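Based on these hints, arrange chain B on the given structure of chain A.
Chain residues, written in single-letter form:
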Amino acid sequence: MSNITNQSLSEILESIKSKKISSLELTQSYIKNIENAKKLNAFVTTTFDQALENAKKFDNKPNNGQLLGGVPLAVKDLFCTENVKTTAGSNILNNFVPSYESTVTKNLWNNGAFLLGKLNCDEFAMGSSNETSFFGNVINPIGDHLVPGGSSGGSSSALAADLTPATIGTDTGGSIRQPASFTGTVGLKPTYGLCSRWGIVAFASSLDQAGPMTKTVNDCSIMLEAMSGFDEKDSTSINKKKELYSKNLKDNIKGLKIGIPKEYRVDNMPKEIDELWEKGKKILKDSGAQLIDISLPHTKYALPTYYIVAPAEASSNLARYDGVRYGYRSQKGKDLIEMYENTRSEGFGDEVKRRILIGTYVLSSGYYDAYYLKAQKVRQLIKKDFDDSFTKVDAILTPSTPSSAFKIGEKTNDPVSMYLNDIFTVPVNLAGLPALSLPAGLDKQGYPLGLQLIGKALDEQKILNIGYAFEKNCGYKNEIKKWWS
Amino acid sequence: MSKEKFDYFINGEKGKYEVVIGLEVHAQVLSNSKLFSGSSTKFGADPNKQVSLIDSAFPGMLPVINEECVKQAVRTGLGLNAKINNYSVFDRKNYFYADLPQGYQISQYKNPIVGEGKVLLDMPYGSKEIGIERLHLEQDAGKSIHDMDPSSTYVDLNRSGIALMEIVSKPHLRSPDEVNAYIKKLRTIMRYLGTCDGNMQEGSLRADVNVSVRKVGDKNFGTRCEIKNVNSIKFMQMAIEYEANRQVELLEDGKEIDQETRLFDTKKNQTRSMRSKEDAHDYRYFPDPDLLPLKLEQKLIDDLKKSLPELPDNKKERFIQEYGLNSYEANVLVSEKEISDYYEEVAKLSDKKLAATWMMGDLFAMLNDKGLNISNSPISAKNFAELVQSIKSGEISGRIAKEVFEIMVESGDNPKKIIESKGMKQQSDPKELEKMINEILSKNKDKVDQYKAGKEKLFGFFVGQVMKLSSGKANPQLTNEILKKLLKG
Chain A
1 MSNITNQSLS EILESIKSKK ISSLELTQSY IKNIENAKKL NAFVTTTFDQ ALENAKKFDN
61 KPNNGQLLGG VPLAVKDLFC TENVKTTAGS NILNNFVPSY ESTVTKNLWN NGAFLLGKLN
121 CDEFAMGSSN ETSFFGNVIN PIGDHLVPGG SSGGSSSALA ADLTPATIGT DTGGSIRQPA
181 SFTGTVGLKP TYGLCSRWGI VAFASSLDQA GPMTKTVNDC SIMLEAMSGF DEKDSTSINK
241 KKELYSKNLK DNIKGLKIGI PKEYRVDNMP KEIDELWEKG KKILKDSGAQ LIDISLPHTK
301 YALPTYYIVA PAEASSNLAR YDGVRYGYRS QKGKDLIEMY ENTRSEGFGD EVKRRILIGT
361 YVLSSGYYDA YYLKAQKVRQ LIKKDFDDSF TKVDAILTPS TPSSAFKIGE KTNDPVSMYL
421 NDIFTVPVNL AGLPALSLPA GLDKQGYPLG LQLIGKALDE QKILNIGYAF EKNCGYKNEI
481 KKWWS
Chain B
1001 MSKEKFDYFI NGEKGKYEVV IGLEVHAQVL SNSKLFSGSS TKFGADPNKQ VSLIDSAFPG
1061 MLPVINEECV KQAVRTGLGL NAKINNYSVF DRKNYFYADL PQGYQISQYK NPIVGEGKVL
1121 LDMPYGSKEI GIERLHLEQD AGKSIHDMDP SSTYVDLNRS GIALMEIVSK PHLRSPDEVN
1181 AYIKKLRTIM RYLGTCDGNM QEGSLRADVN VSVRKVGDKN FGTRCEIKNV NSIKFMQMAI
1241 EYEANRQVEL LEDGKEIDQE TRLFDTKKNQ TRSMRSKEDA HDYRYFPDPD LLPLKLEQKL
1301 IDDLKKSLPE LPDNKKERFI QEYGLNSYEA NVLVSEKEIS DYYEEVAKLS DKKLAATWMM
1361 GDLFAMLNDK GLNISNSPIS AKNFAELVQS IKSGEISGRI AKEVFEIMVE SGDNPKKIIE
1421 SKGMKQQSDP KELEKMINEI LSKNKDKVDQ YKAGKEKLFG FFVGQVMKLS SGKANPQLTN
1481 EILKKLLKG
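Residue numbers (our numbering), protein chains in the order written: chain A, 1 to 485; chain B, 1001 to 1489.
Honestly, the hints are just simulated from the structure, not real lab data. These numbers were taken from a predicted model, which means no experiment stands behind them. Be careful, since some hints might not be right.
[Stated by the list, open to error] Pair ranges (Cβ atoms, derived):
#, chain 1, residue 1, chain 2, residue 2, range
1, A, K241, B, H1146, 52 to 60 Å
2, A, D350, B, K1234, 52 to 60 Å
3, B, P1309, A, K332, 27 to 35 Å
4, B, I1145, A, D350, 30 to 38 Å
5, A, E232, B, E1338, 34 to 42 Å
6, A, L373, B, N1086, 55 to 63 Å
7, B, F1221, A, L373, 26 to 34 Å
8, B, K1234, A, E338, 36 to 44 Å
Glycine included, each C-beta is placed from N, C-alpha and C at the ideal position.
Chain A with its partners taken away, still in its complex shape (with noise of 0.2 Å):
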């Protein structure tokens, strides 16, 4: 019998429906591989009772209109959940239980999904390989090896092995697209002021996006759906009328223009990834679409301003953690300003403690024109560079990455070398578009690599048409061993 995890999110949710299986029996077979999969680290905290709990509640009275009905779903530990702990991936939140839900985590919930356990990822979802994590680092199912890609590896690691039907990660300037390229997933960021940001532990408020990680195009616009929505919680959302993402899913794509970015051909790209785009252009072209080479010329300036912007809010988001209120304290200390210096000397790691640093010298008077108020006119101007394509396009295709997943330990003494690696998916975040990454093919050693759809704001739908089609015609399978259990 072929095991139910192996399936995807929508094959489930039709055996669900059709009572091949119970949402009980599905519940304890992702148990099962979650108990043989510890040693890829994916889970910082399982819920299994509460999940068992909630499985037989749903067989005993099956809802089935529920668009996630029965199906139990691990998501990523920077979500808050009620009365289960939220680490955020942090030794400053490592003893903290919130007493609220995630507005994104509830959508879930109420349309019948239930939760199997918060998934590691790289602390405060500072990080490009999940090695930032207090609770260790994620090993991607690919490989004993490698990394998951970051800061969603535990949701990359859990989905790709097969821990978890679908799953959803947090994207600030790639963390869902690069894991998702590193893992060959489906991930998607969607458009800032889709999914409610509330409930989520900031990192940087103005970038950070919800989005889905899933096996299949189709099971992603199922959880776009379920998740997005506006909220009057969060006085970024955007206030629109709800989308049918899945029920209008369609992999007709004729006449549709693909935008090819000169830009994104980086110095020293792997030839791999050159051929997979070259191969992503050519399946989108024989699904009928028509290609056309746009250029967006600020995309050089995307990455330092990233890394002035997002540590510059980070510096000021995480001011918070101090030990106060929740969280980590530190017993030292013989008055107030030592008791912050050493619970956040103690309560956040390397990479945190570096961006807390950036982050404020760029806020600084002085500094602040120079860096912050330059990175936010240059954002613009990246803003305007993808709006000036998109009156001409309808997508753009790119790489999602400049390599397929590296090797744990390979660059965490080289933090500049661990930012490239968001090169091509920062300009999204900063310009505040949706955008997909799909699984296109593998590399030499047999890594899985990804491209790049990237939509207008609010073309959630069209990406996800346009992936449909890609997916259908481009036949990449993912083919993982398990040889963790």
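Below, chain B without anything else, positioned relative to chain A:
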């Protein structure tokens, strides 16, 4: 009224100094809930009982602007004759303190909601315009309590996140008296508007005071010191007095003034250095990415403008025009909205001028004596108007009126009823009075003769006799007339 001359200067040996003062007033917005959360703002709750997850900065919590607070700021701006900015931005002011849960205060830095405006002061030397630089919205911090435990500090976050309006004046104030008048005027305007209760004891109105001195005639400002968080007008005045003299002394000694932040020690009546310019915080202001810029539609501003109540300056003008009051009377009667309302109710039912005199005299003295406000006066406006009318019509004399007034205070009764039941009605029948006066004159023939011989002082004696005989109820005016007539004969 003769106008006095402005004369607040400090005389040193090297010259005469002028004191330059600017105020940053923090006024708590009257609203049911906080600036960015739904928590209650009611004063006096048990510690940490009015604190939401947002106010205590839990992970993932986000601010959402309270529209009522925005409207209150716009109303206040309109009341200060200020420019309302259709576009304003909330910034984060970053610093660490135990009673600042977010690690930053949400405030407005470069783009405040209200721009330049002005406030008119009535000083003994004429009216003076004080410029307003800006008004912006910001969050209040919590409260650290250091004296509850020898080794710990307690934090109460009830106040954390409450909306404040910071109203920044231009450096146009020149004396402690002007500061007094300015704060009172701001308070009056905001109370008229219902945007701040102005209660200084509860901390609803506090100020940072900027003080500098310069020689009279100098064009440039001197180096200023900022005295932080002074919470009463009296302390503000004392702090300014002390600080200006301290600065003059330094200058007289040929020393420089350090630009610094100082605190006013209310026990020693002195200011002392808190931190120098070098130690000043770098607040690392930047626009709060959790909040979109605040865009106000002109229609909202126009609608708020239309719905503003009559403000003290306009009301004063109207009182002068409509009720024939002088500037001083009008000023006093518009100083509180409740007082002006009371006065208008009385004036509509009685003599306008006499009502003003009696209100500002006996009524205010009694309220002051009993520590009451006009809104809980034991005498209703309607009864007070009847009393005024009884005086005006001659039904009772001023002296009797005072007695009636006392009884009204005690009993809350209607004056007509009191006059009636106690037989206090004035003797105003000329025939009766004439009869009584004739009687007195015939009994005192010798005095009548002396009067006629030129001892006019005796007139008072005859009045006294009439009052005695009538138990004070004789109409004094009529008594005078009749007496004069009969004594001539």
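Evaluation of the provided hints:
| no. | hint | result |
| --- | --- | --- |
| 1 | K241(A) - H1146(B): 52 to 60 Å | holds, 53 Å |
| 2 | D350(A) - K1234(B): 52 to 60 Å | holds, 54 Å |
| 3 | P1309(B) - K332(A): 27 to 35 Å | violated, 57 Å |
| 4 | I1145(B) - D350(A): 30 to 38 Å | holds, 36 Å |
| 5 | E232(A) - E1338(B): 34 to 42 Å | holds, 38 Å |
| 6 | L373(A) - N1086(B): 55 to 63 Å | violated, 23 Å |
| 7 | F1221(B) - L373(A): 26 to 34 Å | holds, 29 Å |
| 8 | K1234(B) - E338(A): 36 to 44 Å | holds, 38 Å |
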